[in-house]
Amino acid sequence: MRTPPAVAVGQAGRDDRWHRRAARRVAASSAAQASAAIFLVMRRMRAPLIVLIGIFAISVLGLTLIPGQDGEGRPWRMGFFDAFYIMSYTASTIGFGEIPHPFTYNQRMWVTISIYLTVVGWAYAIGSLLSLLQDRAFRQALALQHFTRKVARLREPFVLIAGYGRTGELLGHSLDALGRQFVVLDRDPERIDALELDSYHADVPGLPADARDPGHLAVAGLDHPACEAVVALTNDEEANLAVVMAAALLRPELPVIARVTSRALEERMRAFGGPSTVNPFDRFGDHLGLALRAPASYQLLTWLESGPGAELPARGSPPRTGHWIVCGYGRLGRELTADLRAEGLEVTVVEPRAAGDEDDDLVVGDPAEPDVLRQVDLVRSVGFVAGTDNDTTNLSLVAAARRGNPSLFIGARQNQAANAPLFAAMEVDALLVPSEVIAHEVYAQLATPLLWRFLREMPARGDAWAAEVIDRLTALCGERLEALWKVRLSPEDAPALPGWLASGRATLGDLMRNPEDREQPLHAVVLLVLRGHEATVAPEPDFVLAVGDELLLAGWGAARRALEIVLEVDAVREYVVTGRRVPSSWIWRRLSPAGRTAGTTEGRTAEPADR
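Count the sequence shown with this note's numbering and you get residues 157 to 767, in order.
The set of hints was computed from the structure by calculation and includes no laboratory data. These figures come from a predicted structure and were not determined experimentally. A couple of the hints might just be wrong.
[Claimed, not checked] Using C-beta positions, here's what the derived DEER-type ranges look like:
| id | residue 1 | residue 2 | range |
| --- | --- | --- | --- |
| 1 | Gly478 | Gly429 | 36 to 46 Å |
| 2 | Ala498 | Gly429 | 49 to 59 Å |
| 3 | Glu635 | Ala702 | 48 to 58 Å |
| 4 | Ala350 | Arg636 | 41 to 51 Å |
| 5 | His357 | Glu648 | 23 to 33 Å |
| 6 | His302 | Glu583 | 13 to 23 Å |
Just so you know, even glycine gets a beta-carbon here, dropped at the ideal spot from N, CA and C.
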């Protein structure tokens, strides 16, 4: 039954109000957490302060009650102000000699008692203060308060990253290279300490806290207007699910990217608004399949996903036919076996322990043993993948496979970043580093949606097309990817172009000319043009541009700055398009021959009208 429009609008309004109320409740809870340091100080220091105030008050009162003598021997009593003044410099151990009159023995005895009392009071207060400063709860509350202030002061868009392991670190450096701000949550205080010691261009707020707590997410900026995306990268996939759930319920308009390796958890995540999920084992299988079918496409994808500064990777040539051996039938082994068989390859799986759902071609045994390798026919195999969750095992398997068949195509899984030099020395043909796979894909989605759209469209174009794009990029920009950026041809972002674009003759080739010498092209390549929902991948120079087009470009940083000048300065755009140099200022336009001729003509034309 179709919902009436008025009912649908009312339901949408109620949902929006519910989300706002929920966000306000979480924000109030997070504000209470952030002010916990003040209440903790007041509670812990209450007794020491009361003791000090009591000692001070009794000492002042005693000085006013004990009679003294003036200079002539007449009885004299000290006023409250004088007593307060004397106790102020006595109790604080400053020791100042000004007094109205010399003290009597009774007054001296009282001051002596007061001195010892205040020393005891100060020792108690200072000891309590030092104990408070070392208290874990107080330090956490203080860090939370400091972190909250830093996040509240953010004015530029930022990404909320839950989990600062190796993946979060790689993503953080990639975002920092783009000048993007981010905020970090991680349960491990040592990782937050490493974040503060890391070399970032901007001050990155980090908090040691559990990302599963919606209050901590709110403190980290989930309800901040400048928060533009949430990324869940923890090793605990239940925690990633909690982050996805909190973001979907409290800020449903925010894009969410989550790390996941379990199909069941992935389905549970998709129940909350369909977040983008990254499964490194599934991606490795997809990438290996792409490398089998289209090596150039895989080379281009890997290069662009690595981000600015990446060198062009070598173009691999994995065998497209023959027998493969996959060692380890865990999460990676299952995904990889299915992908290789989908490519029509014969695959034998070796697993030391029998699995619950055994594969037809599963051999139970230690793959490092010669008998097992003979059983799986290593000699006639063309590919070998060491995919266990232990780096030492994987390295030994690679060594054994190479010894048995030196011509094998070798793939391996690296689990720990510290073992990277060992795997590099092994020179494996395809290396899976789950943290890098996730970081690269999340970067591709966050850097610009156009890059993500290009990477999704690219494999369908074929290997020859990808090889041609690589040739164009390397010919203009070299083998190092310097910059990736987006340009929008709108009147606000490109004020010098609307008239030219409206003419219907604005071609991409004319726009991509060097503003210093239009006969030379800019050192940049347009990878994609998005017009509405229609995407044109790697358009040709004769592609006609229109107002509102969005362009994804890769190339030199100098080319980016030159293109910005073309988009903003009318005179530069005129030279780039027509080759005619137009003076940019009013004075030079008037002094130029064309300007004087135009001015004379205008004057003569206007003469009769003036008369």
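Checked hints:
1. For Gly478 and Gly429, the hinted distance range of 36 to 46 Å is satisfied, since their beta carbons lie about 43 Å from each other.
2. For Ala498 paired with Gly429, a C-beta distance near 30 Å fails the hint of 49 to 59 Å.
3. Separation of Glu635 from Ala702 is about 33 Å and departs from the stated range, judged on CB atoms against 48 to 58 Å.
4. The hint said 41 to 51 Å for the Cβ distance between Ala350 and Arg636, and at roughly 28 Å that hint is violated.
5. The supplied range of 23 to 33 Å is met by His357 and Glu648, whose beta-carbon atoms lie about 27 Å from each other.
6. His302 and Glu583 have their C-beta atoms about 47 Å apart, which leaves the hinted 13 to 23 Å range violated.
Going through the hint list in order, the structure does not satisfy hints 2, 3, 4 and 6.
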